[in-house]
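Peer 1: Chains as they are written, first to last, in this note's numbering: chain D, 1 to 113; chain W, 114 to 224.
The hints are simulated quantities; they were obtained by calculation from the structure and are not laboratory data.
Owing to the predicted nature of the structure, the values given are computational and were not obtained by experimental measurement.
Just so it is clear, CB atoms sit at the ideal spot from N, CA and C, and this is done for glycine as well.
Take the hints with a grain of salt, since some may be wrong.
To be verified - Reference listing, derived: stretches of chain D covered by chain W, where coverage requires no fewer than 3 residues with Cβ under 8 Å from a Cβ of chain W: (1) 41-54; (2) 86-96; (3) 101-107.
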Amino acid sequence: GAVVSQHPSRVICKSGTSVKIECRSLDFQATTMFWYRQFPKQSLMLMATSNEGSKATYEQGVEKDKFLINHASLTLSTLTVTSAHPEDSSFYICSAREGGGYTFGSGTRLTVV
Amino acid sequence: DAKTTQPPSMDCAEGRAANLPCNHSTISGNEYVYWYRQIHSQGPQYIIHGLKNNETNEMASLIITEDRKSSTLILPHATLRDTAVYYCIVSPSDSWGKLQFGAGTQVVVTP
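This is chain D alone, in the form it adopts within the complex (with noise of 0.2 Å):
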């Protein structure tokens, strides 16, 4: 089945540097990629559209100058945590569409410290 691999897999960073965080389709292309965050004891929250391409589409309420997002192929979106602060320590996921339903990474454990 379709994999979508989500690089790394946990990382710590002092505030106020900045995170990228790498989202694969491995055995798909994958046009459209989602990016979504969850706080502790909380459902995911979708964050942005990612397409191929072109410009991201943000959520309401999602800082687009602060978590940037690039797809610049069929198979990589990256979404970078630009001077990240502790409220921003969260549970990144990534999703990518492919045939009927929707692949998932394994999620990053971002610590901002």
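Fit chain W to the given chain D structure using the hints.
Peer 2: Chain W in isolation, oriented as in the chain D frame:
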């Protein structure tokens, strides 16, 4: 604005069938019903999806009412590894459809 309603939690005995209900009374004609589950600290795992007809795969069965306003996910023989949060989601079938997660149902399978 939640498009689906699920009970917040339910317990199930190991080896028994688990029936997870979901209400989606405002579902549109082009929207599918998707079920995913998330085991702690992992990405969501696809279970099954359907439009009108009942569906079955190696993991579960999906029963959709005739008016499509509700559905039930059936795990035929629950195991301890089925303990997870189960999400029922409705989404359009076109390629731009995105999955919006609600609160889901925390299912705990006990020995």
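Peer 1: If a hint holds in the structure, say so; if it doesn't, say that too.
Peer 2: Each hint, compared with the structure:
A count of 5 residues in the region 41-54 of chain D with a Cβ less than 8 Å from any Cβ of chain W is obtained; the coverage claim is therefore met, three being the minimum. A count of 3 residues in the region 86-96 of chain D with a Cβ less than 8 Å from any Cβ of chain W is obtained; the coverage claim is therefore met, three being the minimum. Remark: the region 101-107 of chain D is confirmed as covered by chain W, as 7 of its residues place a Cβ nearer than 8 Å to a Cβ of that chain, reaching the required three.
Violated hints: none; the structure is consistent with every hint.
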